[in-house]
Amino acid sequence: MKCFIGIDLGSTTTKSVVMDETGKPLGHGITNSRSNYDTAALVAKTEALISARLVLLRKALERDAQLTLAIDAILEGLERRFRLAQFMVQLGNLERLCSEKVQENQARHGESDLQGALDDTFTNLKVELAKLFDPGASRKSDFFRDLAGSVYMEVAETQADAHKVNQDTLINIYDKSIIEVENIPPQVDMSETFLTALDDLLNAGEIGPEDYAEVQRTLKAVLAIELEETYVVGTGYGRARLPFPKEHIRSEILCHGLGAHLMYPNTRTVLDIGGQDTKGIQVDENGIVVNFQMNDRCAAGCGRYLGYIADEMQLGLHELGPMAMKSTKQVTINSTCTVFAGAELRDRLSLGEKREDIMAGLHRAIILRAMSILSRSGGVDNELTFTGGVAKNEAAVKELRKLVEDNYGDLKINIDPDSIFTGALGAAEFARRAVEA
Amino acid sequence: MSTKTATPTAVESQKDSSMLMQKRMINSNYDALTSAPETGRKVCSTFVPGNLNELIQCFGMINNLPETNAIQNAMRQQSGGMIQTAERQGHSEDVCTYVKADIGMMSKGNIAPNGKPMPNPDMLLLSYTGCFTFMKWFELLRQEYKCPTVMLQVPYQGDGEITQNMRDFVVKQLKEEVIPTMEQVSGVKFDIDRLRENMRRSAQAEDDLVWVLESAKNKPSPIDAYFGAIYYLGPMFTAFRGTQEAVDYYKVLRKEIEERIAKSQGPITPEGEIQKERYRLVVEGPPNWTNFREFWKMFYEEGAVVVASTYTKVGGVYDQGFRHDADNPLESLADYCLGCYTNRNLPKRVELLEQYVNEYEADGLLINSIKSCNSFSAGQLMMMQEIEKRTGAPGAFVETDLVDPRYFSAANVKNRLESYFQMIEQRRQGRMIATAS
Amino acid sequence: MITAGIDLGTGAVKAVLFKHENGKTEWLGKRNHRIRQRDPLELCAQAYDQLLAEHGLSRDDVTYCATTGEGENIDFRTGHFYSMTTHARGAIYLDPDTTSVLDMGALHGRAVKTDSMGKVLNYRMTSQCASGSGQFLENISRYLGIAQDEIGPLSKEADDPEVVSSICAVLAETDVINMVSRGISAPNILKGIHLSMAGRLAKLLRVIKATDGVCLCTGGLALDSGMIDALNESLDKMKLKVEARAHEDSPYAGAIGAALWGAYRHQKLQQQEALAQAS
Amino acid sequence: MSTAEIIKRCEELYEDTHFTAAREWKAADPSRRVIGYMPVYVPREIMHAANMLSLGILGGGDKLEVIHGDAYYQSYICRIPRSTIELGKSGRLDFVDGMLFPSICDVIRNLSGMWKLMFPSSYVRYFDVPQNYKDDVGGNYYVAELQELREGLEKLSGNKITDEALRNSIAIYNINRALIRELYDLRAEMPHNVSSNDVYLLNRAGMVLPVEEHNEILREYMDKAAQQDNPVRDNCRIIINGSFCEQPPLNLIRSVEMAGCYIVDDDYMLINRWLLNEVPVDGDPLENLAKAFLHESADSAAKYCDREEDVGQYLLSTVRERRAEGVIFAAPSFCDPALLERPMLTERMKEHEIPHISFKYAENSGQMQPIREQAGTFADSIKLWS
Ligand SMILES: Nc1ncnc2c1ncn2[C@@H]1O[C@H](COP(=O)(O)OP(=O)(O)O)[C@@H](O)[C@H]1O
Ligand SMILES: Nc1ncnc2c1ncn2[C@@H]1O[C@H](COP(=O)(O)OP(=O)(O)O)[C@@H](O)[C@H]1O
Ligand code: SF4
Ligand code: SF4
Ligand code: SF4
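As they're listed, the protein sequences go chains A, B, C and D. When we follow this note's numbering, the leftmost residue of the first sequence carries the number 1, and every step to the right adds one. When we follow this note's numbering, the leftmost residue of the second sequence carries the number 438, and every step to the right adds one. When we follow this note's numbering, the leftmost residue of the third sequence carries the number 875, and every step to the right adds one. When we follow this note's numbering, the leftmost residue of the fourth sequence carries the number 1154, and every step to the right adds one.
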């Protein structure tokens, strides 16, 4: 079947959407942006195609399968197993690269039992990380880097002590290797991995033999469908570096506008808070951008700000919002300079403010800046759609709702669970239209 | 604020005679300045907006404009170093870079753009029109040169009109402060008939200049009324208003443009003629000088032509009917000073822009907001909103600086312009679809 | 008499002990704790007590406990001196040839011109924007997978440093990522960052008119030899006849200065008291 | 009331961005009008004579959340116009009948036009002052400007502003100015009893209260403060310069004092001390106001200095009078007048070997640590070595 692909190469994450001929999004893929843009785009696209297969599988199952278990449960299990397999391949890469680093290190410093420490670290790591893919487990992030990283730090600390090696060396070896791991293009053979994942499901007893046979048959049929990459459009902050000809590139403003329109045809205003920019976009009834404003050259108060805060507090990005939601008192934070965020945080803590209150203050500060940009772009007088990574953060959303209500009245605010893909969705639609026209 | 005059980077391939003429004129003024120690002529430093060239000429003095020097230095990539020299001496990074470029140039031996030492001025004529920075600028220069300094305070048109009290005040200062100082410095007695003569010539040249600027109402426009027009304004805004040379120059220029219109030709750019006019824009705000050509290129590459700009009115808003009036010489000089673009209040500036967008049938308004210049920049975001509201044409906003290379971020500006042009294009298509269906 | 100096920085807590006897000054001991995610005030107390314990002393044995850096809120201090005052004094102690001091900390850079007694003659801090701070370098090297003590040696290997143009640290981070994607080598990136930081710091020196002599670098970044090299290059390029140096105990300069000024202040106060009693 | 109670009242007024006190004043009598004005100087006597309250608008401080205001300004413009717009857009100034924008810089000048566009029904005037100090040149122009203002206000209030009323108002403001001078003298004499925090807040109260009430508060505070016996701290004496428009957060003023500096003079709210001497009450009142402006007014960067040798003299004489040991140039970020003037002033300080430092702030600066550090080092160096 014909597929249209949009790729949004953002400053922190790279997103991709696969769309069918009718304009329906089939699949979404996301990865963290990295120094190799081609790989980032490729990974995102591959992920989107994987998710498209899952969507097709669901449809096929819904259409004609007779199953004892709920489709949701089966698909969830299948995807989980699939992710685990993917993850383990990367972990294997990481281990191999780390070992190489240890060898080099040994050659230079002859340090005692570095290899032993590393081996034990990975033995532990595999156990710990596999738990993340247990049924019902929650993961702090979607990206290998974050997941492996945080657990590695913990495990390495104890192993370093146990083997009497320098903890910093161990961490440094990881830091070096992770970059290389990320820049290895996707290696997993999709069909094979899916089928193995299904086998694993069977072996683990999470699915019965009758269902297994039924699903396997459908899965094979779905995997046999050819997804033809008819047209690809790139957008986002890094779009100029994508290996695409100029007519395959669209400004991210247009893509966000169109993407938001596709999700919510009645929206007239779009707020996008990404990693290092904040945009206020006004669109007309056809999703055509009529006005936009973005932050100036200072990146204060953008998504990366939250990243710094999360680092500072050793939390995952997912955890910031929930923490801020616990706040009971308003703390005013004025500087939204991203780099000083940590300093401000420490300042406040030393003044005796509570973490959750400061956190709420920080979220409010970000949204205040966004409100100015919205106001600059012409304000809000109809449905507002909030997109970009920060829209995933409930505390940010809460502040936005409050401030929009205070300033513009009780308006409808749309937040799609897939809001981070808005730009990619717009790009995919542009791809579709390019062929249609 | 001032205008670019010499043309190191100008249209080498298309040496129109007007181009050569204006280049010769500008150079001749620098030669007159640097040879002043030999010729014994007196040098009067003053500013472009509200410059009293006709009067200065009456006393045989040479007109030196520090803004123009800063621009010349910027185009030769010299200004960055000069600004840093001034900042090192304790000048704040926040203030107007013209001032710092001027002060830096002084510290670096005050070498004129023609490579010869610039003589110290014999008087500073602080015709204080449209900007408070001027006042402090000349206070700073006075400290250095210790020469007679005369303040001509030009009241601001707070209510958007010139009152009799304002006019009387300026005339009185001309009579009691400016003219006596000029007589004393130059040793020449004031001759009002000579002034009338100069003003008569001014008015002639002004007629032709207005015709040239308004030629942009043609489609395609034969001129670029922002980047290209900078060259056309050189003589009028600097030391030539009121001279026969200026009268001749504008005649020649007008001829050339008449020919272009007859042939339906677009504007000339450093890389030749614009083949297809795709976007017609009105621009508010001074240009950036350090990357003048790079900036211009972002426009002509996309077929964007500026059809009207306010910057070309800083040295006099002639297209709104004002002419130097030989019959009322001093009152007319007062009205000239009082009427300069940045001496008009914000509502008047908005009205002017509105008129331009409508009369020149522009696709939109672009604001190049200059970090240095609060006189221009404070309030521009509101101007943009007003224009959008009144005309329905979309606005866009880019931020650069006059002569400080540190504040020109090409990638950033290009990103915005690209998005803007794509948006105009998309809106057009949208409109076409809407009208078709 | 025993005096203590505690420097509470944004990145680390440094504590030192000094003994003053018969006009002689002896440096007893030092401790340096990275703050990481801990409570800085508690960490100060901890570092202080551990240091005292190492020398068989208790808080009561200390005549003057002086804080510096962000230590105004430490409750057990006797007095507080501000960073630039203490770094100047500490620098003179570590290197008597010093005529100016650059304190290169995690967030701020400070330049101080001093006389031979540690008296501050002129000073300046970097402004609010955080680009080109130690923190930034730390983040980038982490991204590049480079350990702190490798930064210096790597930076020295650079052959064609790539300058970071962004004024903002966040945008600069993306700049760097772009560089990696363009295949710029780590040494060239690091050296580029070093150079842009060095440029700023050298400018500070010029602003305070420290145009010749020895500039002792203090603070954590002083241990980064690549930074010192870049600084000397920048100074050279600006035609300043300043020689930038570091001392292995450079990170302690603030704490040392605090302990020494503490002693000075104590004596001054005693003299005043004696005078008051005499009259 | 004790001094603490007086200051508490002043602090409440300062923090009240809804201007409740002024609202109540106006509500008490339907014929009353309120005119807002921005720093530096406007002739409040004329408004007073028309039975109007002149309300000083000094931005939003560090508590006001600025949303719409930010939408109108690029990042390289100071904060005060944004927060002022925020005050207007958020309805906090809806009881204000007119606004005066004195000629101080391009930002405020342009703001006057923005205000016209934003609030078309309000009385908005850009108040131009002379930069030529000759009676028959700048003076004539200024008297005519004052007259225009007078007529505008007459129309707005429906009250005739008689010469008699003007003379009366001048007399009342003469008292106010005398009291403020006394307050400054008192602080310079006993900075341990009269803290800069207090002086600042007392000054601020004068922005929002009727002058008669302000006079009472000042009197009462000074009588009480002089009798206090606070411990004298080992601080140095400094002067703040450059803060005449956008105000620093109160925390900054406190931080400077905490870091070891007694502020013995400053240029906060210059309007309270703009006219240096008593304005004569007999004769033509407008001419008297004009003459006082031309010949006997405070110096500030917003004014043209017509003689080169006079540049900085005002500051130097304040240093001498107040026995100050140093000057802190504290200007708002992006403040053109203050920052352009600064190199000329520091030059003078150097010539006279007066220690000085400079820094910038914003009305919502949150991080005081760099400020404390710079002021603290300054104080350290004065204390340890001078
Ligand atoms: N799950 C999440 N929870 C909270 N915030 C998130 C989450 N995922 C991403 N973010 C925020 O979104 C930002 C990235 O947004 P994105 O729109 O992907 O930016 P860009 O397009 O510039 O890469 C991150 O900096 C982070 O602050
Ligand atoms: N060995 C080292 N090599 C390079 N940089 C270092 C080293 N040790 C510390 N640093 C850097 O020094 C900074 C901390 O310096 P410090 O003077 O303690 O800062 P502060 O006084 O602001 O806390 C950190 O940013 C860290 O990156
Ligand atoms: S501020 Fe603007 S108008 Fe004034 S001198 Fe600078 S550029 Fe010219
Ligand atoms: S470092 Fe902070 S203040 Fe500076 S530009 Fe970046 S975000 Fe803005
Ligand atoms: S702070 Fe300075 S620049 Fe800003 S409005 Fe006031 S005087 Fe003008």
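No lab work stands behind these hints, which were simulated from the structure alone. Because the structure is a prediction, the values reported are computed rather than measured. Ideal placement from N, C-alpha and C gives every residue a C-beta, glycine not left out. There's no promise every hint is true.
[Unchecked claim] Pairs of lysine-lysine residues, derived as DSBU-like cross-links and limited to a Cα-Cα distance of at most 30 Å, are as follows:
1. C:K1030 to B:K545
2. D:K1287 to B:K626
3. D:K1536 to C:K904
4. D:K1287 to C:K1077
5. B:K583 to D:K1536
6. A:K398 to D:K1161
7. D:K1242 to A:K329
8. B:K713 to B:K654
9. C:K1115 to D:K1216
10. C:K904 to A:K164
11. D:K1216 to A:K354
12. C:K1111 to D:K1287
13. A:K131 to A:K326
14. D:K1503 to C:K1113
15. C:K993 to B:K545
16. D:K1287 to B:K612
17. D:K1503 to A:K402
18. B:K851 to A:K246
19. D:K1536 to B:K545
20. A:K329 to D:K1503
21. B:K785 to D:K1161
22. B:K553 to C:K1113
23. D:K1287 to A:K326
24. C:K1083 to B:K583
25. B:K785 to A:K412
26. B:K713 to A:K246
27. A:K354 to D:K1161
28. A:K246 to B:K656
29. A:K412 to D:K1242
30. B:K545 to C:K1077
31. D:K1216 to A:K392
32. D:K1503 to C:K993
33. B:K785 to D:K1536
34. B:K609 to D:K1287
[Stated by the list, open to error] Beta-carbon label-pair distances, calculated as ranges:
35. D:K1161 to C:K1115: 20 to 26 Å
36. A:Q103 to C:D1033: 25 to 31 Å
37. A:K329 to C:L995: 42 to 48 Å
[To be verified] Listing some non-contacts, in silico: residues in chain B with all C-beta distances to chain D over 10 Å:
38. T476
39. S529
40. T586
Taking the hints in turn, this is what the structure says about them:
Taken as a hint, the K1030 of chain C and K545 of chain B pair is broken in the structure, with Cα atoms around 34 Å apart against an allowance of 30 Å. About 24 Å separates the Cα atoms of K1287 of chain D and K626 of chain B, which keeps this hinted pair within 30 Å; it holds. In summary, the hint linking K1536 of chain D to K904 of chain C is supported, as the alpha carbons are separated by about 28 Å, within the 30 Å threshold. Taken as a hint, the K1287 of chain D and K1077 of chain C pair is broken in the structure, with Cα atoms around 45 Å apart against an allowance of 30 Å.
Distance check on the hinted pair: K583 of chain B and K1536 of chain D sit about 38 Å apart at the alpha-carbon level, beyond 30 Å; violated. A hinted pair counts as satisfied when its Cα atoms are at most 30 Å apart, and K398 of chain A with K1161 of chain D does not qualify at roughly 35 Å. Annotation: proposed proximity of K1242 of chain D to K329 of chain A holds, straight-line Cα distance about 26 Å (limit 30 Å). Pair hint K713 of chain B plus K654 of chain B holds up; C-alpha atoms about 16 Å apart against a cutoff of 30 Å.
Restraint check for K1115 of chain C and K1216 of chain D: the C-alpha separation of about 47 Å exceeds 30 Å, so the hint is violated. Distance restraint check for K904 of chain C and K164 of chain A: the Cα-Cα separation of roughly 24 Å lies within the 30 Å cut-off, and the hinted pair is therefore satisfied. At most 30 Å may separate the alpha-carbon atoms for a hinted pair to count; K1216 of chain D and K354 of chain A meet this at roughly 19 Å. As the CA atoms of K1111 of chain C and K1287 of chain D are separated by approximately 52 Å, the hinted pair breaks the 30 Å bound.
For the proposed pair K131 of chain A and K326 of chain A, the alpha carbon gap of about 28 Å is at most 30 Å, so the pair holds. Straight-line distance between C-alpha atoms of K1503 of chain D and K1113 of chain C comes to about 25 Å, which keeps the hinted pair within the 30 Å bound. Pair hint K993 of chain C plus K545 of chain B does not hold up; C-alpha atoms about 33 Å apart against a cutoff of 30 Å. For a cut-off of 30 Å, the pair hint linking K1287 of chain D to K612 of chain B stands: about 14 Å separates their Cα positions.
Proposed proximity of K1503 of chain D and K402 of chain A is contradicted: the alpha carbons are some 53 Å apart, above 30 Å. Straight-line distance between C-alpha atoms of K851 of chain B and K246 of chain A comes to about 14 Å, which keeps the hinted pair within the 30 Å bound. The straight-line distance between the Cα atoms of K1536 of chain D and K545 of chain B is roughly 39 Å, outside the 30 Å bound, and the hint therefore fails. Distance restraint check for K329 of chain A and K1503 of chain D: the Cα-Cα separation of roughly 49 Å exceeds the 30 Å cut-off, and the hinted pair is therefore not satisfied.
Of the supplied pair hints, the one linking K785 of chain B and K1161 of chain D is violated, its CA atoms being roughly 45 Å apart against a limit of 30 Å. For the proposed pair K553 of chain B and K1113 of chain C, the alpha carbon gap of about 25 Å is at most 30 Å, so the pair holds. Straight-line distance between C-alpha atoms of K1287 of chain D and K326 of chain A comes to about 66 Å, which puts the hinted pair past the 30 Å bound. Restraint check for K1083 of chain C and K583 of chain B: satisfied, since their Cα atoms lie roughly 26 Å apart, inside the 30 Å limit.
For a cut-off of 30 Å, the pair hint linking K785 of chain B to K412 of chain A is broken: about 38 Å separates their Cα positions. Under the criterion of a C-alpha separation no larger than 30 Å, the hint pairing K713 of chain B with K246 of chain A is consistent with the structure, at around 19 Å. For the proposed pair K354 of chain A and K1161 of chain D, the alpha carbon gap of about 27 Å is at most 30 Å, so the pair holds. Under the criterion of a C-alpha separation no larger than 30 Å, the hint pairing K246 of chain A with K656 of chain B is consistent with the structure, at around 28 Å.
The suggested pairing of K412 of chain A with K1242 of chain D holds, with an alpha-carbon distance near 23 Å, which does not exceed 30 Å. Of the pairs offered as hints, the one joining K545 of chain B and K1077 of chain C holds, with about 18 Å between alpha carbons and a cut-off of 30 Å not exceeded. Taking the CA atoms of K1216 of chain D and K392 of chain A, the gap is about 28 Å. The hint holds against a cut of 30 Å. For the proposed pair K1503 of chain D and K993 of chain C, the alpha carbon gap of about 19 Å is at most 30 Å, so the pair holds.
Annotation: proposed proximity of K785 of chain B to K1536 of chain D is violated, straight-line Cα distance about 56 Å (limit 30 Å). In summary, the hint linking K609 of chain B to K1287 of chain D is supported, as the alpha carbons are separated by about 11 Å, within the 30 Å threshold. In this structure the supplied range 20 to 26 Å is violated for K1161 of chain D paired with K1115 of chain C, their Cβ-Cβ distance being about 57 Å. Q103 of chain A and D1033 of chain C have their C-beta atoms about 27 Å apart, which keeps the hinted 25 to 31 Å range intact.
Between K329 of chain A and L995 of chain C the CB atoms are about 46 Å apart, so this pair conforms to the stated range of 42 to 48 Å. At the 10 Å boundary, the C-beta of T476 of chain B stays outside the reach of chain D, the nearest C-beta of that chain being 28 Å off. Not every beta carbon of chain D lies more than 10 Å from that of S529 of chain B, the smallest distance being close to 4 Å; the non-interface claim is violated. Its closest Cβ contact with chain D, about 8 Å, brings T586 of chain B to no more than 10 Å, contrary to its assignment away from the interface.
Figure legend: structure checked against the earlier numbered hints; hints not met, in rising order: 1, 4, 5, 6, 9, 12, 15, 17, 19, 20, 21, 23, 25, 33, 35, 39 and 40.
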